[in-house]
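**Q** Build out the structure end to end from the sequences listed, making use of the hints.
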Amino acid sequence: GAVVSQHPSWVICKSGTSVKIECRSLDFQATTMFWYRQFPKQSLMLMATSNEGSKATYEQGVEKDKFLINHASLTLSTLTVTSAHPEDSSFYICSARPGRGSYEQYFGPGTRLTVT
Amino acid sequence: AQSVTQLDSHVSVSEGTPVLLRCNYSSSYSPSLFWYVQHPNKGLQLLLKYTSAATLVKGINGFEAEFKKSETSFHLTKPSAHMSDAAEYFCVVTPLWDGGYNKLIFGAGTRLAVHP
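Protein sequence lines correspond, in order, to chains A and B.
Quick note: the first sequence, position 22, residue 9 per this note's numbering, numbers continuous.
Whatever position you read off the second sequence (first residue = 1), add 640 for this note's numbering.
Source of the hints: derived by calculation from the structure; they are not laboratory data.
Small disclaimer: the values here were computed from a predicted structure and weren't measured.
Wrong hints could be hidden among the right ones.
[As the list claims (entries may be wrong)] Only some residues are given here: those of chain B computed to face chain A with a beta carbon under 8 angstroms:
#, residue
1, V651
2, K682
3, G683
4, L688
5, K689
6, F730
7, K743
8, F746
9, A748
[What the hints assert, rightly or not] Simulated DEER-style distance windows between Cβ atoms:
#, chain 1, residue 1, chain 2, residue 2, range
10, A, T103, B, A693, 46 to 54 angstroms
11, B, H650, A, K53, 28 to 36 angstroms
12, A, G86, B, A693, 17 to 25 angstroms
In this text, a Cβ means the ideal position worked out from N, Cα and C, and glycines have one as well.
**A** Right, here's the structure in full:
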C-alpha cells in the first residue's frame, strides 16, 4: 500500500517550452502533497506544499509563477515548469501524505527533467 | 527550528561488516525522525521511523536506529552490510507538531559504498 507514482519518469524539452509533471497517490487519498527538487549528489529541497483545493505554499526563493502547482483532487497534484531553461534541469520528486494525523510522507519515483 | 546533520558524506564498508551512519538533529519540538534510502535515479524508500514510542526502532532490510535524546542523535546501523545496501541515505526530522504542514527537514545525505 501507499504507492505514489509520477509521470513522466524522464522528459527532455527545449528551452522556452513548458513541462507538466504528474504526481498520483494510487491507493490512498492525499490531503497534502509536496514537491521537491534534487540536484546531482545533493539532498532534497522542498519547493512547495499543496493542499487539495487550495493554493500551494511555496518555499522562500521558489518562483510561484515559474513552478505552477495544482492539486485538483485528493489523488493528483501537478507541477508545471513554465518557460523552462537549462538551469531548471533537475530531478523532481513528489511526496504525498495521507492525512493531517500522519507524519509520514510517501515518495514518488521522481522525474528527471532535462532542458536543452 | 529544526535541522539535521549527517556527520559523514561518504561511508565505505566491506560486505559482511557493520554499518554505522551517523545523524544528529536539532528540534524545537519533540521530533519525529526518519531514515530514507535512495538508489541511483530512484525515489526515496522509508527504512524506519521514530515517533515517540520505543527508542530502538527496527526497520526494513535489517536496519535499525536508536533515538538518544540526551545526545540528540539517531544513528542508523546494520550488523552486516550487503552489496545491495550501496545507496544514498537521508536522515530526516519533522516536529511532531508544526502547525499541520508536516515539513520534512532533510540531512545532506550519506553515500554508502559496499565493497566485496
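**Q** Each of the hints needs a verdict: does it hold here or not?
**A** Structure-based check of all given hints:
no., hint, verdict
1, V651, "15 angstroms, violated"
2, K682, "6 angstroms, holds"
3, G683, "4 angstroms, holds"
4, L688, "11 angstroms, violated"
5, K689, "7 angstroms, holds"
6, F730, "7 angstroms, holds"
7, K743, "6 angstroms, holds"
8, F746, "5 angstroms, holds"
9, A748, "5 angstroms, holds"
10, A/T103 / B/A693: 46 to 54 angstroms, "49 angstroms, holds"
11, B/H650 / A/K53: 28 to 36 angstroms, "34 angstroms, holds"
12, A/G86 / B/A693: 17 to 25 angstroms, "19 angstroms, holds"
Hint violations for this structure: numbers 1, 4, all remaining hints satisfied.
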